[in-house]
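Visitor: Make a model of the complete structure from these sequences and hints.
Quick note, the sequences are listed as chains X and Y, same order. When the letters of the first sequence are read in order and numbered with this note's numbering, they come out as residues 1 to 359. When the letters of the second sequence are read in order and numbered with this note's numbering, they come out as residues 1 to 395.
One or more of the hints may lead you astray.
Computed far set for chain X versus chain Y, every beta-carbon distance over 12 Å [claimed, not checked]:
1) Lys45
2) Asp63
3) Glu71
4) Gln72
5) His89
6) Leu103
7) Ala119
8) Asp167
9) Gly242
10) Cys272
11) Gly332
Partial pick of chain X residues on the chain Y-facing surface, computed with a CB cut under 8 Å [to be verified]:
12) Leu50
13) Tyr79
14) Val99
15) Leu102
Derived DEER-like restraints, expressed as beta-carbon distance ranges [to be verified]:
16) X:Ala70 with Y:Val225: 48 to 56 Å
17) X:Asn15 with Y:Gln138: 40 to 48 Å
18) Y:Thr306 with X:Gly138: 27 to 35 Å
These aren't lab readings, by the way, just hints derived from the structure by calculation. What you are looking at is a predicted structure, and each value in this text was computed from that prediction instead of being measured. By construction, the Cβ of each residue, glycine as well, lies at the ideal position given by its N, Cα and C atoms.
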Amino acid sequence: MIELQGLTKTYAGKNVVEDVSMTLETGEFGVLIGPSGCGKSTTLKMINRLVPLSSGRIILNGDDVTELPAEQLRRRIGYAIQSTGLFPHWSVARNIATVPQLLKWSKSRIDDRVDELMAMFHLDPAEFRDKYPHQLSGGQAQRVGVARALAADPEVLLMDEPFGAVDPITREALQAEMRRVHGQTGKTIVFVTHDMDEALQLATRIALLNNGRLVQYDRPIEMMVKPADDFVREFFGQADLGLKLLSRRWVHQYQRPPSLTHHATLPGLDHCWRLDEAGRPIVLEGARLDDQHQHTDVRSEWIATPEMSMKEALSRMVWYRVMVLPVVDETGKLIGEVGMQGIMGIESDGGLHAGGPAS
Amino acid sequence: MALPERRRWFGNRVLATLLIAAVASAVLLPFASLSPNRLVSGQPVMLWQALAGWQLATFALIGLLLLIAALAGPLPRRLALWLSLGATLPLLALDFQALGAYAHGALANASPAARVSQGATFWILLFVSALIAIDALQRLRLGPAGRALYGVAALAVIGVCFSGELLSPVSIMREFANQRDNFIDQLVRHLLLVGGALLPALLVGLPLGLLANRRARLRNGLFSVLNVFQTLPSIAVFGLLIAPLSALGRAVPWLGELGVSGIGVAPAIIALVLYSLLPIVRNTYAGLAGVSTGALEAARGMGMTTRQILWRVEIPLALPVILSGLRIVTVQAIGLVVVAALIGAGGFGAFIFQGLGQYAIDLVLLGAIPTIVLAVIADFALQILVSLSRPSGTR
Ligand SMILES: Nc1ncnc2c1ncn2[C@@H]1O[C@H](COP(=O)(O)OP(=O)(O)O)[C@@H](O)[C@H]1O
Ligand SMILES: [Mg+2]
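Guide: Structure below.
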């Protein structure tokens with residue numbers, strides 16, 4: 001758990017961060033968001049004292065660490081940044097081992113930890129251990145950066161726009177990976193971004209800053225449906241609020257058993273899946289937007305998985321003009337379906353307040 | 001509809017140009033000269049007059065191999081480069097061997113005062129070999145190990161040529177034989193002067209470079225002062241130091257006993273240190289300033305102390321630039337020590353100025369050639385050190 005109490009930073013008489021107080025419980029994923037220059041990075045860097053506090057206190061798991069020597073504090077807090085900051089003269093393994101080495105762990109313990117982290121980030125140790133940062137792609141370098149930040153099992157992980165410089169596809173992959181790692185490790189994370197979609201993808205708590213002040217600190221859903229003021233309302237935007245909500249909903253929450261026979265109870269929605277002998281869907285009969293009786297070959301492009309966001313599922317339905325998507329497991333077996341109707345169903349009966357898996 | 005392409009005859013134009021230069025010099029300029037004694041200027045001796053048939057044939061064969069390596073058609077690119085690199089070693093050896101053999105033959109029945117000296121073609125063949133090798137090493141992109149290996153092989157060839165009696169009748173080697181003990185003394189002195197200047201320059205320059213990196217306000221002032229030293233002519237600095245140093249040596253007797261006086265080692269080392277400071281400070285500063293801010297922020301953010309950041313991150317990353325500065329000042333100091341001989345500091349410059357005074361060109365060369373060789377070896381060695389200091393994988 002980390003508590004920030006009245007953090008203030010003054011540059012040349014001007015408060016660029018003013019009286020920011022917030023508490024992040026252990027295992028929460030907190031995202032600091034706000035317009036450029038609002039003081040996100042400054043707030044984050046005050047937590048590990050890269051920026052000295054003008055006033056305020058930091059309580060880490062009950063200890064007041066405001067007066068602790070900065071180096072000691074920083075070794076208890078992971079830090080990952082946009083430029084990765086990987087040391088170009090050190091191999092991937094040595095980069096990841098940075099903090100354990102500072103903490104004088106034994107060599108075998110460091111080696112085990114490095115392998116464990118590389119596996120967690122899907123970097124094959126045999127291939128990547130001895131590579132140098134300049135031999136990595138942007139996404140790989142960023143993974144190494146985050147692995148390095150987690151190496152000594154820090155109490156809190158700070159991340160300053162870590163995925164801001166990678167291409168959109170890699171960014172989405174990294175976000176998914178970050179969600180998974182957060183789930184696996186249960187780390188308390190403070191994450192800075194100016195990208196609302198990224199915040200909604202990741203956050204269990206969002207802190208919206210403006211002009212150095214904390215405007216609202218709440219769960220993402222509350223921020224959207226109960227904005228504290230017009231600034232919050234505008235910042236979260238009204239136009240695609242529904243889609244933003246769906247980006248925090250997962251297919252498994254909406255999934256229902258697949259329809260394997262025709263039953264014409266609901267006109268226009270009658271459909272049925274044809275499976276192969278391994279239980280994989282091959283044909284969808286009916287449920288087309290344009291022609292309900294048409295048979296559609298199932299293609300991998302419009303299949304859903306339980307972990308997919310509902311926003312993406314909806315997007316696939318629209319693009320491939322079908323009313324339902326098959327939900328499959330890792331082996332491709334049909335385990336359920338998710339449809340247009342289901343989306344409306346939940347949201348209309350109070351789904352706004354149902355928590356996502358991470359909220 | 002491709003336009004008829006103009007045929008390129010030469011795949012390697014540098015090599016072709018060097019070959020043409022070598023052939024032109026062999027035809028037009030003397031290979032050696034023969035004179036009745038050391039003060040009279042000699043008769044030019046052309047390559048074909050000086051050489052036996054087998055030597056000419058070998059020269060022609062090496063030339064032919066180099067020509068094939070230079071042509072666009074016959075060989076794959078890398079093979080051609082390896083061939084030209086390999087051919088430089090026999091070319092080097094043959095150049096020395098031919099001169100020595102000619103001197104032995106020409107002096108066998110001449111008066112003891114008669115002298116054989118190397119001519120323009122001898123030098124040009126030497127330089128052409130060196131340039132071919134440098135060009136090939138660069139195009140092959142050989143790593144530090146490959147370069148070092150070639151350097152050692154070339155030194156070995158030259159060493160073998162000088163080890164026996166082969167070159168002893170050549171005029172400059174007779175001069176060397178007369179001066180042998182003195183030569184060793186001056187070599188040691190030359191090296192001590194260079195080392196004696198570089199050590200304090202590094203001890204002062206490295207911290208100053210760090211200071212320039214840490215204190216932006218000091219930086220401009222520091223660099224202006226160091227720049228002034230760099231622009232003063234070396235002779236003027238030696239001259240300027242004479243008065244204060246001799247006064248100091250007289251006023252403080254123990255300093256005088258240590259050798260501090262207006263002429264000699266003390267002013268030489270002081271001047272050399274002043275000249276070496278700017279490149280060392282500037283490169284140290286530039287190397288440290290070039291370390292990425294991301295790496296520094298990460299290092300701090302992960303809890304490295306200032307000292308750990310300096311030793312583990314900044315210095316290793318700045319090292320190639322710092323060593324490049326050292327390379328500059330080492331080569332520069334080896335050359336400047338020659339001038340220091342004027343104020344009695346000794347070193348190879350002593351031969352040069354003595355030779356100039358006596359119109360004895362061999363004595364001048366006895367000072368100049370080893371100076372050049374020292375500079376080339378130092379440059380080569382430090383260049384290898386610079387590439388070794390680059391972060392692994394980025395070499
Ligand atoms: N070292 C500094 N000196 C003076 N002003 C600074 C310094 N660092 C940041 N600022 C100012 O503080 C404000 C907040 O900066 P920052 O926290 O980096 O914003 P954000 O990360 O939200 O974009 C900006 O107006 C910036 O100009
Ligand atoms: Mg920022």
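Visitor: Now tell me if each hint is right for this structure.
Guide: Against the structure, the hints come out as follows:
| no. | hint | verdict |
| --- | --- | --- |
| 1 | Lys45 | violated, 8 Å |
| 2 | Asp63 | holds, 16 Å |
| 3 | Glu71 | violated, 5 Å |
| 4 | Gln72 | violated, 7 Å |
| 5 | His89 | violated, 3 Å |
| 6 | Leu103 | violated, 9 Å |
| 7 | Ala119 | holds, 22 Å |
| 8 | Asp167 | holds, 19 Å |
| 9 | Gly242 | holds, 39 Å |
| 10 | Cys272 | holds, 56 Å |
| 11 | Gly332 | holds, 40 Å |
| 12 | Leu50 | holds, 6 Å |
| 13 | Tyr79 | holds, 4 Å |
| 14 | Val99 | holds, 5 Å |
| 15 | Leu102 | holds, 6 Å |
| 16 | X:Ala70 with Y:Val225: 48 to 56 Å | violated, 36 Å |
| 17 | X:Asn15 with Y:Gln138: 40 to 48 Å | violated, 58 Å |
| 18 | Y:Thr306 with X:Gly138: 27 to 35 Å | holds, 30 Å |
In summary, the numbered hints that this structure violates are 1, 3, 4, 5, 6, 16, 17.
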